[in-house]
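Please work from the sequences and hints to get the whole structure.
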Amino acid sequence: MTPTSQSWIQQLHGEDGVRDIALTDLGNLLTERLQKAFRSRPDLTTAFLDDIVQETLIKILNSLGSFEGRSAFETWATTIAIHTAYSELRKKKWKDVSLEQVISDGSHTDHLSIDKEGAPNLSSDRRELIDAMYQAIRETLTEKQRTAMMAELNGMPLEEIARRTDSNRNAVYKLTHDARMRMKQSLEKMGYTSEDWFSMK
Amino acid sequence: MTLTPKQIEALLQMLSHTQAEELSCDEYLDRLAEYVETYLSGSSLPEGLRAIEGHLDLCNHCQEEFQALLKALED
Ligand SMILES: [Zn+2]
Chain X
0 MTPTSQSWIQ QLHGEDGVRD IALTDLGNLL TERLQKAFRS RPDLTTAFLD DIVQETLIKI
60 LNSLGSFEGR SAFETWATTI AIHTAYSELR KKKWKDVSLE QVISDGSHTD HLSIDKEGAP
120 NLSSDRRELI DAMYQAIRET LTEKQRTAMM AELNGMPLEE IARRTDSNRN AVYKLTHDAR
180 MRMKQSLEKM GYTSEDWFSM K
Chain V
0 MTLTPKQIEA LLQMLSHTQA EELSCDEYLD RLAEYVETYL SGSSLPEGLR AIEGHLDLCN
60 HCQEEFQALL KALED
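Each protein sequence line maps, in turn, to chains X and V. For the first sequence, position 34 matches number 33 in numbering that gives the first Met the number 0, and the numbering has no gaps at all. For the second sequence, position 20 matches number 19 in numbering that gives the first Met the number 0, and the numbering has no gaps at all.
Since the hints were made in silico from the structure, they are not lab data. Hints may be right or wrong, so weigh each one.
What the hints assert, rightly or not - When the alpha-carbon atoms are kept at most 25 angstroms apart in a straight line, the in silico SDA-like pairs for lysine to any residue are as follows:
1. Lys173/X to Asp29/V
2. Lys70/V to Glu87/X
3. Lys70/V to Leu44/V
4. Lys143/X to Glu21/V
5. Lys143/X to Gln18/V
6. Lys173/X to Arg145/X
7. Lys90/X to Gln18/V
8. Lys58/X to Arg145/X
9. Lys92/X to His60/V
As the list claims (entries may be wrong) - Residues from chain V shown here face chain X by an in silico Cβ test under 7 angstroms; the list is partial:
10. Leu10
11. Leu11
12. Leu31
13. Tyr38
14. Gly41
15. Leu68
Predicted model, so just to flag it, every value in this text is computed and none were measured. Just so you know, even glycine gets a beta-carbon here, dropped at the ideal spot from N, CA and C.
Structure follows, in structure tokens:
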């Protein structure tokens, strides 16, 4: 661990007075870095960034033990601040969208849906590939996997899928990873390898 | 269930990057600080950090956060 990182840790573990000064310094540093990261987002208010910094400082105090010194302390703290900011932004963005909506939105409202007759431009190879994909989805995925995969495909962050399914981000990740693996293996078993996928237009 | 052409393309992209062993977003985040310092220093990646790149290829949300992190760490 670098001397600077060590000194941060010591001060944040220190007595109230010492700790408060370190928290103020760290808060200022993180504010500056968040402002740089979000320069292209003038819609984000100072109050929003202040809240993110406060939330980040609490997380950092609660997880000081997990900092192993594999990077500078400031870098580690910055990754937490950025992730906290994005989690909050995504929570806001998806606030009014249900899982059902996100799953159906992408499919039934789009007039370009590929039903077999409606897509005259597709080669027969491509059509067969798409049929195989549907078959893989039908036959190898559980309902839960299908839901999570479709929500992810339509852009919903895993954290937000987790929020709506009483789960956590890691469990949803495992669900979608398993779904992708099953689909990939199923397609390969039907004779479609990933090299073919993008050549069949 | 019907997939749009865009979704089919996105799904195939996802599947082509899918591997039995990959990092979850949480595992990625645990190693991110170390990775970004190596990335910014321009030195070559140790074996243990290669999987990070795989995750960034696959996960749009972590990619978005990574781009913001790079801006945050600019001099
Ligand atoms: Zn991710």
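These are the hints, each one checked on the structure:
Of the supplied pair hints, the one linking Lys173/X and Asp29/V holds, its CA atoms being roughly 17 angstroms apart against a limit of 25 angstroms. For the proposed pair Lys70/V and Glu87/X, the alpha carbon gap of about 19 angstroms is at most 25 angstroms, so the pair holds. A threshold of 25 angstroms between alpha carbons decides the hint, and for Lys70/V with Leu44/V the separation of about 21 angstroms falls inside it, so the pair holds. Note on Lys143/X and Glu21/V: the hinted pairing holds, with a Cα-Cα distance of about 21 angstroms set against a maximum of 25 angstroms.
For the suggested pair Lys143/X and Gln18/V, the alpha carbons sit about 20 angstroms apart, so the restraint of at most 25 angstroms is met. For the hint pairing Lys173/X with Arg145/X, the CA-to-CA distance comes to about 13 angstroms; that is within 25 angstroms, so the pair holds. Between Lys90/X and Gln18/V the alpha-carbon distance is near 29 angstroms, which puts this suggested pair outside the 25 angstroms criterion. A hinted pair counts as satisfied when its Cα atoms are at most 25 angstroms apart, and Lys58/X with Arg145/X does not qualify at roughly 33 angstroms.
With a C-alpha separation of about 13 angstroms, the suggested pair Lys92/X and His60/V falls inside the 25 angstroms cut-off, and the hint holds. Using the Cβ-Cβ criterion of 7 angstroms, the hint placing Leu10/V at the interface with chain X is satisfied: the shortest such distance is roughly 6 angstroms. Checking Leu11/V against chain X: minimum C-beta separation of about 5 angstroms stays under 7 angstroms; hint holds. For the restraint placing Leu31/V at the interface with chain X, the shortest Cβ-Cβ distance is roughly 5 angstroms, inside the 7 angstroms limit, so the hint holds.
Taking 7 angstroms as the C-beta cut-off, the interface hint given for Tyr38/V is violated, the closest approach to chain X being about 11 angstroms. For the restraint placing Gly41/V at the interface with chain X, the shortest Cβ-Cβ distance is roughly 16 angstroms, beyond the 7 angstroms limit, so the hint is violated. The beta carbon of Leu68/V comes within 5 angstroms of a beta carbon in chain X, closer than 7 angstroms, and the hint placing it at the interface holds.
Of the numbered hints stated above, those contradicted by the structure are hints 7, 8, 13 and 14, listed in ascending order.
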